[in-house]
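Listed in order, the protein sequences are those of chains C and X.
Residue numbering for the first sequence follows my numbering, beginning at 28 and increasing consecutively.
Residue numbering for the second sequence follows my numbering, beginning at -14 and increasing consecutively.
Don't take each hint at face value.
As the list claims (entries may be wrong) - Only pairs whose alpha carbons sit at most 25 Å apart, straight line, appear in this in silico DSS-like list of lysine-lysine: (1) Lys47(X) <-> Lys27(X); (2) Lys2(X) <-> Lys29(C); (3) Lys7(X) <-> Lys47(X); (4) Lys39(C) <-> Lys81(C); (5) Lys115(C) <-> Lys153(C); (6) Lys48(X) <-> Lys193(X); (7) Lys(-10)(X) <-> Lys2(X); (8) Lys154(X) <-> Lys25(X); (9) Lys7(X) <-> Lys63(C); (10) Lys106(C) <-> Lys119(C); (11) Lys140(X) <-> Lys47(X); (12) Lys63(C) <-> Lys25(X); (13) Lys39(C) <-> Lys119(C); (14) Lys153(C) <-> Lys71(X); (15) Lys47(X) <-> Lys(-10)(X); (16) Lys27(X) <-> Lys142(C); (17) Lys63(C) <-> Lys118(C); (18) Lys142(C) <-> Lys81(C); (19) Lys154(X) <-> Lys47(X); (20) Lys7(X) <-> Lys29(C); (21) Lys140(X) <-> Lys119(X); (22) Lys(-2)(X) <-> Lys29(C); (23) Lys81(C) <-> Lys153(C); (24) Lys(-10)(X) <-> Lys39(C); (25) Lys27(X) <-> Lys29(C); (26) Lys119(X) <-> Lys9(X); (27) Lys7(X) <-> Lys138(X); (28) Lys(-10)(X) <-> Lys29(C); (29) Lys119(X) <-> Lys203(X); (30) Lys39(C) <-> Lys63(C).
To be verified - To list a few chain C residues with every Cβ distance to chain X over 12 Å, as calculated: (31) Ser107; (32) His120; (33) Gln124.
Since the hints were derived computationally from the structure, they do not count as laboratory data.
C-beta: ideal position from N, C-alpha, C; glycine also.
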Amino acid sequence: MKINFILNDEEKTVDIQPDTRLVDLLRERFNLLSVKEGCGQGECGACTVIIDGKAVTSCLILVSQIEGSIIWTVEGLEKSGELEIFKKYFKKHGAVQCGYCTPGMVMSARALLNKNKHPDREEIRKAIAGNLCRCTGYNNIIDAITAIAEEGGFGV
Amino acid sequence: MSELKVYTPGEVKEVLKLLHDKEKVRILAGGTDLLLELIKLKREGCVLIDLSRIEGLEYIEKKDEELEIGSLVTFTDIHDNPVINKYAPALAAASGQVGSVQIRNRATIGGNIAHASPAADSLPVLLAAGARIKVLNAAGAETVLVEEFLHNKDKYRNHLITAILIPVKGDNMIDFFGKVAYRRDVATARINMGVRTVYQPENGKIIKASIFLGALSKTGVRADLVEEYLTGKRVDELERERFFAALRETVDKSIPGRYSQPYKRRAICGLGDDFLQELQREGSYE
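Chain X on its own, in the form it takes in the complex (with noise of 0.2 Å):
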């Protein structure tokens, strides 16, 4: 079998330049996902940028409204990050359920995005929290939404995520992440689900919900019908199986006729309903 050409460059400049200049070339980050593929890679002569010796990618700081997490953060930092806690509580609890210990002590949240596996556990609460990622290439640098960024894969083939910029939950936001898997560790999600929702401290009306589901298609799928069902509505005013009902149809219209179908969409409402128990906790008007 062919050997992996690796590098190990420095500095971002390096790696843009090969970026640029390689064919077949793979960023490895923290490598729990791509180097699943070793042998595969091998096989077709890829070509690996290792970032492991680039320095200034592991950050956490908070901006104003933003929070800035540079790409190279594991999910062990954030998990166990109180910025991170306390400004993107649902991004913490998704990072805390990727993977194990071992996996978590290695993968990268930048890594995470990039991979863009179906069932990531960050993807659903950075789409809801409407995030968005530094991209680098040899032409300079954009911000760009991560659902665009999931949508336009080819177009960012090779650039570098920097950072990923993740505006602040204020006192007046809700967030929540939910996972369904076949064991409670070291599980890939069947399905996810990332929250932010935002409510007019007067009167506990939801203004704005953001809801995205993962596992369901290659990129997360936005729950517009859920969305517009909280919309407008006080919590207490919330009827479940009117809820539940615009959960299901939203899992129908995803994956219709697919074998996981009926089991997703009784599966949708197990999370809908620790998402109801969220809101009741924490957005309940008195």
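Just chain C, same shape as in the assembly (with noise of 0.2 Å):
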């Protein structure tokens, strides 16, 4: 099956079994490595991806459903320098230790500033409730995510 979409900023084709999941499209047709399988259920939200502005994992979704779509991953945050910035107050906070759940952290964290340029403690709790981390725990993450709201350039 012929699939078409934008890729980091790149429109794609692709052909290709319509039963493969996204996170092995972007992995092995692409080798956007970023993108980790950690559950392969939705639960851990490692594979994060935003699609069409919104944070998904890219383990439950078949590339049969991405027809159209807009798709960012961490490589394509690092082409257009945003990642600077994660990378900046990720590494004052502490926020990464073995770094496996980073990107699915950054790519659920640029989603919520995608819908709310000032979240609260609160709201950024929330919106990476769906990324396990098992290192440095939550605290850091959150730090890190907070300085990036006020400091790194999103609110305006």
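Using the supplied hints, reconstruct the complex from the two chains, each of which is provided in its own coordinate frame.
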């Protein structure tokens, strides 16, 4: 099946089995290795990407469902320069240890900032409730996202 | 492993034809439940009908005394919608507690009803409000109570749910949704409760109570003992212990001897307490 979509600001067309999961398409066909598979059941959020402005778990989406969609991964944020801001504040607040959850956390935070330029801590907690971290705990990550919201230039 | 045949129809009539013609056919809406079974679906050689290219099933409208919600509306959109927050607040509340942000951004209300997980958060609320759904198959359209649909799932196997119709909450009604789970977010209900009560504005007397409990049985359980207890009483006449006893008895009757019974008969009182507080806040007659 031919599928057309926009991936990290580039138009793409792939010819692929429609029952392929989005996470597999992104990792295997496009080598976008920021997209991690953790649980494969939509529980851990490691595979979170942004589709049409919204955070979604790419392990629970088939490629047949993404026709015409606009998809962003961490690699796209790197290209646009936004990732620098996330890197700076995640580092500053000690929000990364093993790093496995980090791309998912970044995408969930980015989607939140799409919708809400000035989230409070509770809103940040809600936004990353679907992303599991087993290393740093959540407070450092929430601190980082709070700082990004306040200082990162998304509030304009 | 054999591959899964996936159809991506652009029109409802094509969906109905596929539902009619194909065997082992499953409908893919948001996919947050169905795709958990991806390996099994492949092994069984299932056929998927992906609804992502169907237009016109993502609307929310108020029509007189009913809200009509297209079956492909996501829980995020339900939770955020001001009309639903005003006229079906318990549904808005329940929708905000389904899974995580990521799940709510994909999961649809139609899918939740069709999949009918015993712990689904939307179902007790829809049942309590007396919601109906519009279903279609090759033979035509039908409007059926959610309760009837859930008890006759086989009959509606080859139907497409197109809309959900919810009687709006009137000024003399109190709606409630409550849920107990192992954690605060991204949690499957251990027990959940949907309520709609109607009271007499002149004297605050409850004239109708509709209460459904989820995660107790395959489908929502009507708490008829609790409904009976509430009916005809004013909020200030309610006795906590008698109200809790009726809730506990409902649980005891639903899951006698099940390992979770001792836990759930206590947990339900926590929800009951939250509901009583809501009643006192909203429905106290001065």
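*Does lysine 63(C) lie within 25 Å of lysine 39(C) when you go C-alpha to C-alpha?*
holds, 21 Å
*Take a quick look at whether lysine 48(X) and lysine 193(X) sit within 25 Å of each other, Cα to Cα.*
Holds: lysine 48(X) and lysine 193(X) sit about 23 Å apart, inside 25 Å.
*Is it true that the CA of lysine -10(X) sits at most 25 Å from the CA of lysine 2(X)?*
holds, 15 Å
_Check whether the Cα positions of lysine -10(X) and lysine 39(C) lie no farther apart than 25 Å._
With a Cα-Cα distance of about 23 Å, the restraint between lysine -10(X) and lysine 39(C) holds, given a limit of 25 Å.
*For the pair supplied as a hint, lysine 154(X) and lysine 47(X), is the alpha-carbon distance within the 25 Å limit?*
holds, 12 Å
_25 Å limit on alpha-carbon distance, applied to hinted pair lysine 154(X) and lysine 25(X)_ = It is violated: about 41 Å lies between the C-alpha atoms, which goes past 25 Å.
*Within 25 Å, alpha carbon to alpha carbon, are lysine 142(C) and lysine 81(C)?*
holds, 9 Å
*Regarding the pair lysine 140(X) and lysine 119(X), is the alpha-carbon distance no greater than 25 Å?*
holds, 14 Å
*asked:* What's the verdict on lysine -10(X) and lysine 29(C), does the C-alpha distance respect the 25 Å limit or exceed it?
replied: Roughly 14 Å between the alpha carbons, so the hint for lysine -10(X) and lysine 29(C) holds.
*Taking only the CA atoms, is the gap from lysine 47(X) to lysine -10(X) under or equal to 25 Å?*
violated, 38 Å
*Quickly compare the C-alpha distance for lysine 106(C) and lysine 119(C) to 25 Å and report which way the hint goes.*
Holds, because 22 Å separates the two Cα atoms, which is no more than 25 Å.
_Beyond 12 Å on every Cβ pair: is that true for histidine 120(C) relative to chain X?_
Check passes; 21 Å lies beyond 12 Å.
Violated hints, in rising order: 1, 3, 8, 9, 11, 13, 15, 16; the structure is consistent with all others.
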